[in-house]
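Protein chains in written order, with the numbering used here: chain V, 1 to 439; chain B, 1001 to 1200.
The hints are simulated quantities; they were obtained by calculation from the structure and are not laboratory data. For glycine and all other residues, C-beta sits at the position ideal for the given N, C-alpha and C. Just to be clear, a hint being listed does not mean it is correct.
[Claimed, not checked] To give an idea of the chain B side of the interface with chain V (calculated C-beta under 10 angstroms), a few residues: (1) N1007; (2) A1071; (3) V1143.
[Claimed, not checked] Which chain B residues stay away from chain V? Per the calculated CB distances, all over 10 angstroms, these: (4) F1064; (5) R1073; (6) T1165.
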Amino acid sequence: MTSEIPVHQASQMLTLRQRPPLVLIPQHFGCLIFDRRTSRYQPFDEEATGILRQLLHEPAGHYLATLPNAERDRQRDFVEFFDEADFFHPDGRLAAVCLDVIPPADHLTGPLAVHLEIIGACNLTCTHCFAGTLPRNQNPLQLSEIDQLCGELASIGGFRLGLTGGEPMMRKDLFDIMDAATAHGLHPCLTTNGLLMTEDAAREFGKRDLVWLNVSLDGATAASNDVIRGAGTFEKVMAGLRVLGRHARFTMAFTITSANAHEVRACAELARSAGAHTAVFRPMYPTGTGLAHMELMPTFEQYTGALRQLDECLQVDEDLRGIDPFSPQHRDDLLADVTGNPGCGAANHVASVSVQGEVNPCSFLGPDWDSGNIRDQSFVEIWNQGQRFATMRQMSGAGCGTDGFSGGCRVRAQVYNGDVDAADPWQTQFVQLGSGGTR
Amino acid sequence: MSSDGLNVNSVDRFRKSSPRLVLEEHGSCEVPAGCAGVVLRWHNPDAGQPVVFRCAAPGRVELFVNGQAIASRAILNWGDNTLAVRITQIDTPTPFLMTTRRDLPRGEEREANQLFLADGCSSADGSWLACAAQDVPADGTAVDCDVTNWQSLRTEATQFPDERTWMYESLQQDGAAGLMLPAGATVLVRTQISVVRGEA
């Protein structure tokens, strides 16, 4: 690995910090503003979008001064919010570029995140891996094809790119792929098992603007981790993290299973002691290799119990700055809805691209939901016209009577209730608890 | 919720409401499909103080912290930092105001007077220096630039242009003084910002 890492001249790459911090992405309802500093999207209606477009060219103070008094009073809080949020250049213009794109009438201009499987091969055989049914490494996408895909994604506002596999560090041109994504203005994330980490690789990671560099572990000890990820992996990964931490900021990613749900606080403490900037916890999904190990699927009670344990970390750790609003307890009051489609982001916010270029609404759904290949047609065509995408966007749960899909995960719905448009049993339990939903 | 079933931000949502209510759409990729999951993030107390700069100036503005170009956010080192502001395309002699605000995560908003770094708010106390037009040195944004002959900005502006009153008033409320700049189409302004650990 070490000898094959290409040496890049930092001066040749346009880093995330050198671009205007905001991108205005036209949408059928108005626009999405993508904030490069946080990698988050905020949606605005048509009137607000019109003001934002005006502020691209006119300083806020000038703009407000031209309004009639009553209208100035009405818009002032809106403009001041943007000022407070640091959305303006120092001279008062909106610090954004506007994408030149005509939005589709009934769905987002582009996905908000794409998961790209850059390699099929892996040096582990984890028992819960979602990629278990992926074709292995036959004729994988080449760098030039990935570069073209990145350009397409940037043109439609799909800025978050999750690089997955397989094990991405087994791909010899990994850093070229990351640089291609960054050069197009995408925000790449990478998930690795960390086993191939070397000093040189860590140094290369440290040079780049990765939003997330996830290193996976599935337990707080060798005993609980290695039963899932293989004998000896815990110690090897921890050694890799010590190397990585000398050069780059990293995240530790844990998959909550029935085997480790009781020790998530210990996992969080492990992440902190290992020097992780962030720890990510997500539940195991019933897909891929995991389908052969369903005993590892956490119950809803185990999962929500794990979330409560993590919540308690906030009470005792003064340096823990917060929990990002991905869990059901923390996102309702900030939750927008830009699709009108209940729950699942598949085909609505997200899409996946397989190692051979098949585009799917979600990497968990499997090849039955492949909707086209970027070697045959553009990603934009598949996103806008792919039959499977259209089918999923039109699903409302109505076809399944009172037990239709109303939020959560369509793969859980498919596995436990036989149809992606049936109810996700976790959502049902969540609603019974009196809350909003599990998305 | 709008009539078409969507829930997006409107102008009126911002009236008398907390910025914390601004809607975000999450298309996560660290949590595939955004179906569920939780993210814990630790603050590294050794990393320095994240800040946001905001200013009103009579032309195009470029910011530099410790010699590095930035947009408007930066992480200041604990101890002394050099802030340089290059203002170009100056057409009218309007004042310069600047604030430096601690950049706290959502949910950690504190009292207004604790948010701003006194050193980073423009002041006529002599700590803000300027150099105009042909006198601007090539290394004027560098940390070790010789500022011996730079002019101290000690003249406080009392009048602001009508069309930008809102911005000037807002900066004044946050602690910035309006400083009169030396004449010239290009002006470089510098100051030192000292950040003391534990004062946040």
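Here is how each hint holds up against the structure:
1. N1007: Interface hint status for N1007 (chain B): holds (4 angstroms vs cutoff 10 angstroms).
2. A1071: Check passed: Cβ of A1071 (chain B) comes within 6 angstroms of chain V, closer than 10 angstroms.
3. V1143: Violated, about 19 angstroms.
4. F1064: At about 12 angstroms from chain V, F1064 (chain B) clears the 10 angstroms cut-off, so the statement holds.
5. R1073: violated (6 angstroms)
6. T1165: Answer for T1165 (chain B): violated, closest chain V Cβ roughly 7 angstroms.
Figure legend: structure checked against the earlier numbered hints; hints not met, in rising order: 3, 5, 6.
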